[in-house]
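Chemist: Protein sequence lines correspond, in order, to chains A and B.
Quick note on numbering: full-length UniProt numbering labels position 215 of the first sequence as 215, and the sequence is numbered without any gaps.
Quick note on numbering: full-length UniProt numbering labels position 35 of the second sequence as 35, and the sequence is numbered without any gaps.
It is possible that part of the hints are untrue.
[Claimed, not checked] So, partial list: chain A residues that the calculated Cβ filter (under 10 Å) puts toward chain B:
1) HIS96
2) GLY261
3) PRO282
Derived from the structure by calculation, the hints contain no laboratory data.
From the three backbone atoms N, C-alpha and C, an ideal C-beta is built for every residue, glycine too.
What follows is the residue order along each chain.
There are 2 protein chains.
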Amino acid sequence: MKTRVGIMGYGNLGRGVEAAIKQNPDMELVGVFTRRDPAAVTIQTEGVGVYKLDDCKTMQDDIDVMILCGGSAADLPWMSPEYAHFFNTVESFDTHADIPWHVDNVNASDIANDKTSIVSCGWDPGLFSVARVMTGAILPAGKAYTFWGKGVSQGHSDAVRQIPGVKDARQYTLPVQDVMDAIRGGAMPELTAGQMHTREVFVVCDDDVTEDDKADIVEDIKTMPAYFEDYNTTVHFITEEEMQRDHSGLPHGGFVIRSGGVGPDGKDKAVVEFSLNLDSNPEFTGSVLVACARACHRMNQEGSYGCKTMLDVPPAYYSPMSRDELLEKMM
Amino acid sequence: MKTRVGIMGYGNLGRGVEAAIKQNPDMELVGVFTRRDPAAVTIQTEGVGVYKLDDCKTMQDDIDVMILCGGSAADLPWMSPEYAHFFNTVESFDTHADIPWHVDNVNASDIANDKTSIVSCGWDPGLFSVARVMTGAILPAGKAYTFWGKGVSQGHSDAVRQIPGVKDARQYTLPVQDVMDAIRGGAMPELTAGQMHTREVFVVCDDDVTEDDKADIVEDIKTMPAYFEDYNTTVHFITEEEMQRDHSGLPHGGFVIRSGGVGPDGKDKAVVEFSLNLDSNPEFTGSVLVACARACHRMNQEGSYGCKTMLDVPPAYYSPMSRDELLEKMM
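Here chain A stands alone, though its shape is the one from the complex (with noise of 0.2 Å):
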């Protein structure tokens, strides 16, 4: 019996779970929902429809889980809470502060209807944070680091596509290599985000820009408060040939690590590091929806209902094996 799975939103995440679904013998797609005009959508999979948003109320018998697509600003805030009254839910809200209270509004809705949502999935929040508490469980007497790129921040790139003169922008954020090898070797410094992780961006201008206009628009870039004062900041002017050829993928990555003492008095070091490399961001985080809403439908069959995270998942739940055979190969 395959775990049958709608889509809610169909972009670069929505696309990544489509394909994600596919290298999954036991999961399905049933239907794809979207805000534009159904018509116009052509989706990647044959014989499954596109439909409005609130058709899928009237699907309710044939989705074991809908897994939610939107945005973390504009969507998920609400659409995670509504479609949890009709529906098994999985997605990937990721606005790290306002986790606790989108979690309590999601689990009232789950509550009242027996449904199960696993909130916040892919990878950071997601893995990463499943890393830094099993870490943080394991080495208490130690301090757990987050390090994120090489990637494209797609925030800090729209925030310089608003710089007047700016055509197109790409922001990569990369982490210092000599902060996190002292690290590595077991250093426990206090450390800003800034003093990780240095910032490099791309810009294509406008046509009537001059050098003096660039000269303004590399100081507005650097200066700009949160998103790049208080990063090393390297701006490269390009063509738009060459950010179509150079820079049109979604790569990104990052590292938890997390260093302490073990033994007695914590003399001896242990490090431990979880790490990730990715062409594309939207697929890898579509990927980790896919296992979770495998979980997520379990844990429903299993009476297990509300609001979770990834937190609160077993391991074996995300795995289409059996108990026997993860304990056969898997351990």
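Please build the complex by placing chain B on the supplied structure of chain A, with the hints as guidance.
Modeler: Just chain B now, kept in the frame of chain A:
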């Protein structure tokens, strides 16, 4: 209310567990249980008694979780099913092929007595199993590789010590760097353990060993079936003083790397890596066991009885933090 822990077996691992308990304010050591004469065993925790093994059976009301620190070959196969009649237990059984059989044995004791056990805890099996299962579920179109080292293999060191003329020996397992880098780059070759690792052996000879004898020892090591014959092995002869000075620790570590394809036709690469670098293998394993003891106690309090592995444990259960704290600080 602290989790009250007993330690059964007081070798390197038992001492590692004791040190880890001291680092966790919510855990308390209640007693150490030994097959030796308790009067001859000195422990590091003031005010805690040392007892004969079966004295524990009169202390069931005082101990929430018994951590079994015996060996996988001779101790845990009988010790774990025996003491799971009386206690929630946590241990580090690491004979991979026998894990399904061992889980069944321990489970029978647990279920008959409303107890919970978590077996095969540590890093491999344990954390590495979790990494293999989670990354396998997320990247089904991929391949996982487990590398061990650089670290001391006690089994291989013992095997060399059996060779006539060898007074002492230490064997290090090392991952092959080039192979690891190729996999990090997305390659998915078929590899044997011997292609992924080299072995380095340090030998102290008996006083009467000649140069010819040394050549025989090298030959005996390099051709030893199962242990060395399939590996590129280097042998160094050193003095007793050098052994003492440079090789008295028990460092270890390793890497689980899964590389896979995501997106349409799996054309985009994703590489996930989990790694450890440990000054002391038994002390780190002891720290994992203590986090597992916390999880074991909780699962038992919730009525989740039977024999589990780390694949069955939600990450939050390892942590001393409340759910609210985890959502606020760790996601």
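Chemist: Does each hint fit the structure? Answer for all of them.
Modeler: Here is how each hint holds up against the structure:
| no. | hint | in the structure |
| --- | --- | --- |
| 1 | HIS96 | holds, 6 Å |
| 2 | GLY261 | holds, 8 Å |
| 3 | PRO282 | holds, 9 Å |
The structure shown violates none of the earlier numbered hints.
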